[in-house]
Structure formats: structure tokens, C-alpha cells
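Now for the letters of each chain:
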Amino acid sequence: MNILGDVAKELLAMFLADARLTISILILVAIAAITVSWLHFDPLIGGALLAVGTVLILVEAVAREAKRSGS
Amino acid sequence: MDIGHWAVAAPAVGSAFLASLVEVVEAFTIILAVGTLRGWRPAAIGTLVALGVLALLILLLGPLINRAPLHILQLVIGVLLLVFGLGWLRKAILRAAGIIPLHDEEAIFASQTTRLAEVARHHTSLDWIAGLTAFKAVLLEGLEVVFIVLAVGGGRGLLWPAAAGALAACATILCVGAIIHRPLARIPENSLKFAVGVMLSSFGLFWSGEGLGVPWPGEDLVLLTFVGLFLGVGITTASLLRRKPREALK
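Line order of the protein sequences matches chains E and F.
According to numbering that gives the first Met the number 0, the stretch in the first sequence is residues 0 to 70, in order.
According to numbering that gives the first Met the number 0, the stretch in the second sequence is residues 0 to 249, in order.
Bear in mind the hints are in silico, worked out from the structure with no lab data behind them.
Only true hints are included.
Restraint ranges, calculated between C-beta atoms of paired labels, are given here:
1) Ala170(F) - Gly4(E): 25 to 35 angstroms
2) Leu47(F) - Val6(E): 11 to 21 angstroms
3) Trp37(E) - Pro216(F): 22 to 32 angstroms
4) Val48(F) - Ile30(E): 36 to 46 angstroms
Keep in mind that this is a model prediction, so the values were computed, not measured.
The beta-carbon is built from N, C-alpha and C at its ideal position, and this holds for glycine as well.
Sequences and hints are given; from them, build the entire structure.
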């Protein structure tokens, strides 16, 4: 039993079970950061972007998996 | 303690407690298989050693997290919580909609028992393998709990309340399990996972925003709005997918 290997696999699976979901979240946070820090928009717009973006990412991830399972 | 602090403290302790319930139920199934087949000594030793390793991780990483600059810490933990929380919520919605199967503790118990019985045919001394199986189960299931305790407790002085919430869940499941002596198949695991996914996603959104300097309206109380948002979206998506004929998805 390779316990360290299994621990490493478990840690990776915790954050990369759905790679597209992870990448989408990273891109969303980067866009919000650019909006607030570089483009100097009102920080609340960055917050609204985060809130709407996370909901859209969640719905897309669920719909994608549902479609994949149905096909 | 003011209401704003409770708005963070209650979901933090609640997340740690509920997430631990889910993970401990899964680990308990394997501990039960080990205990039933090889006796309780190797199962207990494996479990206690793994709990010790997990406690050590919290003791080592907790103070390190508290030393990091608050904004960076909030952003990094916020993003990790979003990834982790939305992942749990996605899976819980798919299970609630019947698209992927529910976690079956009876089936896992049966497969673990068969696997250990198979190993027993080839080894005269199985105790260390049984102990190692229990150790691995608790360690792997506990890693997610350690992350949640550190993420929701670190940086806000809630590490010990969150750890206490996780420990309370362990004690609850072990007591119930010791009494009924069967896999805990009746625990509404997916509902718990749904609730934890909602709370972790809310924390993730809140802390990512705080890390970016977003002045959330209502400060800490906005967490409750996020909980409502993710809960509403989750329940609506699951019920829409349940109703939708499979053909329409193609």
C-alpha cells in the first residue's frame, strides 16, 4: 500500500476532480482582480462579477456533466 | 459576540461539523469492515494513529496560516474554498438529480469485507494489513476535513471552534456506529454534502472578494445572502434536471 502516493492522489483530486471547473474559477478570480486592481473599477463591480461568475460556472459544470451522462 | 461575528462563526463551525459527518461516515464503514473481520484492536490502533496524524497537521499548519498576510490568505483560501466547495456542490446536485449514483455505504462495506477476506486467505498474520486499512481510510477521508478546518478557521481566530466542530462529528458518528454496529447507510449523506458545498462556496466567494478588497454590503452578514444564493441555485438546478427528460439533454 503506497500511502504517500494515495495521499498525493487524494489531495490532487480535492482540487482537480473537474479540471475545467478549477480553471474557470481561476480565470474568473483573475478577471475580477484585473477589474478592481488594474482597471480601477468600483470594487463592488468586482464582487458582483465574482458572485454572478461562480453561479454561472456551477450551473455550466452541472449541465455539462448531465449532458455527458445522458449521451 | 456580535451578530456579524456569529454570521461567520456559525457557518465555520457548522461546515467543519457537517463535512466531518460526511467523511467520518465513509471512514467508519471501512473501520467497521476491518473490526468485524479482524477484531477491534487493529481497527482502533489504525484509527487512533491516523487521527493523531490529522491533529498534528492542524497543529503544524494552523499557526503558519495565522502568520500569513490577511489579504493574501483570504484570497488564496477563498479561491481554494471556491474550487473545493463548488466541486462538492456540483456532485451533490448531480446526485440529487439522479444523474450520478448516491454513495452506497452497504456496498462499500461489502466490498471492503470481501477484499480483506481475500487478503486473509493468503496471509496468516493480517492484523497489520487490517490496521493499515483503517489508518489509510481515516487519513484519506480526514484530509478534506483538515483542509476545511484550516480554511474556515484560519485567519479569523476560529481554528479551535472549527476543530471542535470536526471532533464533535467524529465523536457522534463513532458513538452511533458503536451502538448500531452496522454501516451508517441511513445518514442523508448527499443532503449533508449539499449543505457543506453551499457553505464552503459561500465562504469561498466571501473571502475571495475580501482578498480583492471588495467592501461587501452588510460585511460579514452578506455570507447569509451567499448561502441563500447557492442553496437556491443548487435546489433549482437539481429539480430542473430531475424533471427534464434525458432525451432533452442530448
